[in-house]
Amino acid sequence: MHIWPGAPYPLGATWDGWGTNFALFSEIAERVELCLFDEAGTESRVPLTEVDGFVWHGYLPAVSPGQRYGYRVHGPYDPRRGHRCCPAKLLLDPYGKAVEGDVAWDEALFDYRWADPRKPNTVDSARFMPKNIVINPFFDWANDRPPRTPYHETVIYEAHVRGLTLRHPEVPLHQRGSYAGVAHPAVIDHLRRIGVTAVELLPVHQFVPEQALVSRGLTDYWGYNTIGFLAPHNRYCSAGQRGEQVGEFKAMVKALHQAGIEVILDVVYNHTAEGDHRGPTLSFRGIDNGAYYRLDDRDPWRYIDYTGCGNSLNVRHPHSLQLIMDSLRYWILEMHVDGFRFDLASALARELHDVDRLSTFFDLVQQDPVVSQVKLIAEPWDVGEGVYQVGNFPPLWTEWNGKYRDTVRDFWRGEPSTLAEFASRITGSSDLYATSGRRPVASINFVTCHDGFTLADLVSYNDKHNEANGEDGRDGSNDNRSWNCGAEGPAAEPGIAELRARQQRNFLVTLFLSQGIPMLLSGDEIGRTQGGNNNAYCQDNEVSWVDWSKAAAERDLLAFTQTLARLRRQHPVFRRRRFFKGPADISWLTPAGEPMTEADWRASYAKSMAVLLNGAAITEPDPRGDPVTDMKFLLMFNAGAEPITFTLPGAGLGSDWEAVIDTMTPHGAGEAEVYGPKSKVEVAGRAVVVLRSRS
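Note that the sequence shown covers residues 1 to 695 in the working numbering.
Please note that a few of the clues may not be correct.
[Stated by the list, open to error] Here are the simulated EDC-like pairs of lysine to aspartate or glutamate, each with C-alpha atoms no more than 20 Å apart in a straight line:
#, residue 1, residue 2
1, Lys678, Glu594
2, Lys403, Glu421
3, Lys550, Glu498
4, Lys119, Asp106
5, Lys254, Asp189
6, Lys403, Asp451
7, Lys250, Glu334
8, Lys550, Glu170
9, Lys680, Glu594
10, Lys581, Asp431
11, Lys403, Glu415
12, Lys678, Glu658
Bear in mind the hints are in silico, worked out from the structure with no lab data behind them.
Predicted model only: the values in this text are computed from it and were never measured.
Please model the complete structure; the sequences and the hints are all you need to start from.
Written out as structure tokens, the structure is:
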């Protein structure tokens, strides 16, 4: 096949309308072959003889979109020294933009013999490997513009592309579980009704289910096992896998943008699907093992693992950093996404062994003119030393606030001595973020997420029930901070069912009315359950899919969620851009209506309080330039089992109070009565009442 020299950049396969340029980085390679596959699967090998800066490249005029391809890299094979080049293994392009097919697990995928790991395995792996696809990059974006919703107005909905729509009755069968399904008008209308401004999608980068899961009849449902950082996962496409996944993903983004909804991707740059030293050779390992992975200096055969997944990407190497940054820019510029949530983000900051908040990766993000302008969310922990880094990320970043989750759960299950920290968490966690110059929006507040119990399960189970995972209960967290309200699992007793429904409303009102950015787990608004499974990472079935048939039975919960979203959207006092400054902004009151004292905060038995939010004191301008004025709100929390009578504040702090939220009622609406200063208001056990001053 005729080949021209081509160019070393851009990396990957780039079609320009006439032919395709191929470029692959490998510092250790001695020879690189581009492998092209026809419709019958017949392989043709084309040597790439041009090398610039360790990038092997060539331009093929005859190659167009839809072409299947991969690579074979010739070089040293000495695992004890960290070298794993094996030309018998077909390798995926790290910069590939589409993948066709799945990994078919076989010993041929491994560079060693299972019976004797010291012996190299030279069996050809091509027929067991998926293939990269040359894509057509052109797409009619028309007048697509990112919504660019300000942080303080953002409401995030965490969802799985497949699980969100696979059981949605209004989505056509062939589009369920796909990018097209997410873009369906019925799904978008639902998101808008509950106030969602951003969908945070679980990993959509091309991933590979682990061999151990497949052998047990399970799969990697969540997708935290990436093999292609620029390729949208092929199984989420309803139109095909020969590049159609790129166009369908773009169409989904375009449709969500038209509805004013941003797209945030959960990205996994901390490790890949190739696992530890016993893992398969699918891509990076066979291209340049030492450049892409953190190897143990004392024993380069083994990998340093900060992720619990077998390996860690070598972010100390400039090319690995380039891959991450090129991937981020590609998804922003070409796929029009609006932000990223970085899985185990602490692992990306590890220069040596400690988490360094000024590491090279964060320096690059800070100064990048493209990546620095989108929403950046860190999962601020990994599994190495110094694991928990909540509050320690640079000013540009927001963080999943694990302390918010734990504190709110503890408060509503009635744990003692939680009042003071609960107050800090619902007001934006200034103790975590103010010292680094950040604002309340640095805190991504959540009570539930994909990793753990759903909201319905949080109030229905004391213990995890992960038997279906086949790991004898060893998987999933044991620290759930949940409470089953008196019975484990489904309960027919009306009193328990009512209490569970109220607890869900308590969690939701806390989430939506806290300062910071609320994140809602998909299906929580309609009572989705996983049957007590708190680690459904391998359950691609009814355990994890959103059951939309429950929406009819949970009409009150859905309506309550809509009410909360509307209340938050209408009143800036619940989404302040800056922290509260003092008594002019916020007052903390005992149930007796008196200011909270140090003793009140420290009392281990205290489980109730009121907080007065003075919306009229907000003087900062809205980013759009509109004047900001609001009303006074009084939030009365009672996490105790018995009713508490609250005394409203005196006339100087407000009058003509009306109830807008009462979690004691199924629909959450308050009574029509208007209360004057010093009036008595009873708040039921384990309930919240929100009053608004009409004066």
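We went through each hint and held it up to the structure:
1. Lys678 - Glu594: Judged against 20 Å, a Cα distance of about 11 Å means the pair holds.
2. Lys403 - Glu421: Distance of about 9 Å is within 20 Å: holds.
3. Lys550 - Glu498: holds (17 Å)
4. Lys119 - Asp106: Distance ~17 Å between Lys119 and Asp106 Cα, so the pair holds.
5. Lys254 - Asp189: holds (15 Å)
6. Lys403 - Asp451: With Cα atoms ~15 Å apart, Lys403 and Asp451 stay inside 20 Å; holds.
7. Lys250 - Glu334: holds (9 Å)
8. Lys550 - Glu170: Measuring from Cα to Cα gives roughly 14 Å; hence the hint holds.
9. Lys680 - Glu594: Given that 20 Å is the threshold and the Cα spacing comes to 13 Å, the pair holds.
10. Lys581 - Asp431: This hinted pair holds, its Cα atoms lying about 13 Å apart.
11. Lys403 - Glu415: Holds: Lys403 and Glu415 sit about 15 Å apart, inside 20 Å.
12. Lys678 - Glu658: Distance of about 14 Å is within 20 Å: holds.
Checked against the numbered hints above, the structure violates none of them.
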